[in-house]
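Enquirer: Here are the chains, one letter per residue:
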Amino acid sequence: MNIFSSFDINASGLTAQRYRMDIISENVANANTTRTDDGTAYVRKVVTFTEKDSQTPFSKVLNENIDNYTGSGVKISGVYEDTQTAMNKVYDPSHPDADADGYVTYPNVNIVTEMTNLIDASRSYEANATAFNASKAMAVKGLEMGK
Amino acid sequence: MINSNVYDYINVLDKAADASWLRNQAISNNIANVDTPNYKREDITFESELKKALGNTKYNSMDEKVSNITSDQLAARTYKDNTDVSYRLDGNNVDIDTENSLLASNQIKYTALIDSINEEFSNLKTAMK
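Protein sequence lines, in the order shown, are assigned to chains A and B.
Under this note's numbering, read the first sequence as residues 1 to 147, first letter to last.
Under this note's numbering, read the second sequence as residues 1001 to 1129, first letter to last.
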């Protein structure tokens, strides 16, 4: 049982939520980007979370059997392009990126969805920060033992 | 003095503080994984073990009960909470408000346990003066 492992768990949550906020910001900033490096419109990006597992399978089984706690936080498992949501097509023949029929392909970014996700990420970040403060207060209190 | 029963309560309080620290870790992990699909919350069983250990009817007074607890009876165990029905589509059963309140109550409990240990020590000091 490592004293600072609960700090690491809280920090992993903070890192993951901050990274998610970065990606959401990127989506919002590129909401009107019709041309990226490969010439197509920007595609909305999503992050996926997975449970962090820094231990080897052997030490995990061993620790579970000697009743040590094995959880070690969260990590980003990947950033994917959202190909499920349809791209926005707007009729604007004067636009330089318009196709032969006069339609411009705008990114599939929905500002309302992004803002909702941003608030969600922000609240989760705060929850992790609260948990970190609780862990820190407890560690400091533990040092007062026997004084 | 070393082989007497003066540290019995301290030993039990120490185990309880260990369990409380472990629970803080479990709750931290639950909060960190609040957005992880298919994650199931984890928690610690300690109170039920302590209740079982103290429920021994062979002894009458609390002092006797406490002094006859062996430390391996009070091992905190982790368990995965699979039974809670998840109301979320992603299969995760962490409720952030529940975790936050558990976190707060656990923190107060830990503080109280450390204060009790300090109280035991100060009682011993007073007796030795």
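Hints should not be assumed to be uniformly reliable.
Not everything, but these chain B residues come out facing chain A in the computed CB check (under 8 Å) [as the list claims (entries may be wrong)]: (1) Ala-1032; (2) Asn-1100; (3) Ala-1127.
Source of the hints: derived by calculation from the structure; they are not laboratory data.
Even glycine gets a Cβ: it sits at the ideal position worked out from N, Cα and C.
Enquirer: For every hint, state whether the structure bears it out.
Expert: These are the hints, each one checked on the structure:
1. Nearest Cβ of chain A to the Cβ of Ala-1032(B): about 3 Å, under the 8 Å cut. The hint holds.
2. Hint status for Asn-1100(B) relative to chain A: holds, with the closest Cβ pair at about 6 Å, below 8 Å.
3. At a threshold of 8 Å, the smallest CB-CB gap from Ala-1127(B) to chain A is about 16 Å, leaving the interface hint violated.
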